[in-house]
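Assemble the whole structure, with the sequences as input and the hints as a guide.
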Amino acid sequence: MTTAQLIGQDPGWIIAVKGLIVFAVCILLTLMSVWGERRIVSIMQMRIGPNRVGKFGLLQALADGVKLALKEDLIPKAADRIVFVIAPIISATTCFMSFAVIPFTGKVNFFGHETAMQLTDLPVGVLYVLSIASVGVYGIVLAGWSSGSTYPLLGGLRSSAQVISYEVAMGLSLVAVFIYAGSMSTSDIVAAQDKWWYSVVLFPSFVIYAISMVGETNRAPFDLAEAEGELVGGFHTEYSSLKFALFFLAEYVNIIAVSALATTLFLGGYHAFPGLGFTESWLGGWFTLFWFAIKVLGFFFVFVWLRGTLPRLRYDQFMKFGWKVLIPVSLAWILIVATLRTLSLEGAPQAVIVGFTLGIVLIVLAVSSLFDRAREKNEVTARDIGEISTPSFPVPALPVAKARLEDHV
Amino acid sequence: MSEIYNIEPFKNDAIEKAAAESSPVLDNGPSTFLTQLLGFWVTFRTMFKKPNTVQYPEVKEPTAPRFHGRHQLNRHPDGLEKCIGCELCAWACPADAIYVEGESNTEEARFSPGERYGKVYQINYLRCVFCGLCIEACPTRALTMTNEYELADDSREKLIYEKQDLLSPIHQGMIMPPHPMAPGADEGSYYRGEVKGVQQ
Chain P
635 MTTAQLIGQD
645 PGWIIAVKGL
655 IVFAVCILLT
665 LMSVWGERRI
675 VSIMQMRIGP
685 NRVGKFGLLQ
695 ALADGVKLAL
705 KEDLIPKAAD
715 RIVFVIAPII
725 SATTCFMSFA
735 VIPFTGKVNF
745 FGHETAMQLT
755 DLPVGVLYVL
765 SIASVGVYGI
775 VLAGWSSGST
785 YPLLGGLRSS
795 AQVISYEVAM
805 GLSLVAVFIY
815 AGSMSTSDIV
825 AAQDKWWYSV
835 VLFPSFVIYA
845 ISMVGETNRA
855 PFDLAEAEGE
865 LVGGFHTEYS
875 SLKFALFFLA
885 EYVNIIAVSA
895 LATTLFLGGY
905 HAFPGLGFTE
915 SWLGGWFTLF
925 WFAIKVLGFF
935 FVFVWLRGTL
945 PRLRYDQFMK
955 FGWKVLIPVS
965 LAWILIVATL
975 RTLSLEGAPQ
985 AVIVGFTLGI
995 VLIVLAVSSL
1005 FDRAREKNEV
1015 TARDIGEIST
1025 PSFPVPALPV
1035 AKARLEDHV
Chain W
12 MSEIYNIEPF
22 KNDAIEKAAA
32 ESSPVLDNGP
42 STFLTQLLGF
52 WVTFRTMFKK
62 PNTVQYPEVK
72 EPTAPRFHGR
82 HQLNRHPDGL
92 EKCIGCELCA
102 WACPADAIYV
112 EGESNTEEAR
122 FSPGERYGKV
132 YQINYLRCVF
142 CGLCIEACPT
152 RALTMTNEYE
162 LADDSREKLI
172 YEKQDLLSPI
182 HQGMIMPPHP
192 MAPGADEGSY
202 YRGEVKGVQQ
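In the order they appear, the protein sequences are chains P and W.
Going by our numbering, the first sequence opens with residue 635, and the numbers climb by one from there.
Going by our numbering, the second sequence opens with residue 12, and the numbers climb by one from there.
No false leads were slipped in.
The calculated lysine-lysine pairs, modelled on DSBU-like cross-linking and capped at a C-alpha distance of 30 Å, are:
(1) Lys207/W x Lys130/W
(2) Lys689/P x Lys60/W
(3) Lys689/P x Lys61/W
Bear in mind the hints are in silico, worked out from the structure with no lab data behind them.
The following block contains the structure:
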């Protein structure tokens, strides 16, 4: 019985309870991840981080939330009131929706019913996640536009350009997974990975997805939409109180969501680490939840690690990287994967497959050496130009040195 | 004077020679993919270092020994005040934070050896910049600075410290003024440190 059939038998109350659990877990994870991010970034900077509210500062995010809720809710005069209110609601609702198709466990016993911890299983589950993420951008764009202010508008524009560009690369990186799994349903993709994770088989896809998911969630080093040094706060500059809290919530739920999707598509979802497959039957299958959580938290740690290490990219570099590197590379990779897949499915002789792979490797080597040679040439020309002592344009006179008075005495 | 303002560009042969010899950019070798990943190693390694944070209100690290903190008005060993109300500290203060009013000592009420004592002594810690010029100006070493740095409060009035807030406490051998000078002593013997504390 497939997971889809298993979930299809759920009575209404189980669906309701699952929905409630998913929502509660998301809220709880947000609170914990705000705390976790601040603590991890702190220890990376030889600080301690929040440790006052509750044990180890665990309730810090809750205290921040209460503080935000008690603040004055301002709506600027120039703002479009209706859109201004709707925008954070769009952001906060869409970020939860992608969790509906994420499989948290395999087959388990849930209050006497055989089911899987997955709210629903769509045949196009991953496309659904992508489309929900696109709708989530509306929250940011509309927030920037409706604020009636310059910087939020710029932040909103940047964000929309960013998310749209990186969604292309993200979508392309998923195509290879679809080709290999033969399905777009999340549970089928997880089931197809019980031997080899797709992060190994489709390593380039995994790298491209990992990069574009950071761009997609507006996180450092791609947090140009809220670049506090340039745009004050970006799209949420004019927001305060609970509306700001909703954006904050959406950002962290989004991080968990893309991490969960990456786990599902590339790290074998709820499957155990290689060699530990026997643990999957522990606690009647519930132990798989632990593996899933470990992988998602691992991704979250990488998010924080990136933020603690890398400076923010310049906007043009960021766009150039997305359009001129990620998208062409993923297109080429899809072509290769599709060819290989077709070759093996059609039963082509081993020699043809090996020859094709070797040919690809040779082409990659040739192209990269061409790039290297061009770069070396540029470096040589740059060195030859050298330093020009007198510029060809007029410059103001240098201040006269007054320090050598003793020469005149 | 005209030589000082000459408009010839300043030239220093040594500097120009050094500039010609050294390359302007430090060469740390070719930037490869691995060298670009070194940053991740730096942040990861830092996670296992001991944090620098001091848990301030619970843990207080001692300041540097000569840290400029709150002022203190000192006393002679027998408890008489050292301040003579000369106002030199107030005149030295660049921030105009000190206010002093002097008064004459009488035989009935003697606060300091000699003629005068400081009757009113105020330091406004909202103005004080802790430069220490007042300490340098004080001729009797009456005004010094402590290491106390916790000078925060919730009103402007509370941050104007009065004489009783600044005076050093009564230590062993001191008697609370007003009281007469030690028998046979004059202000000279006080300043030379010949007067010791009172035996009790």
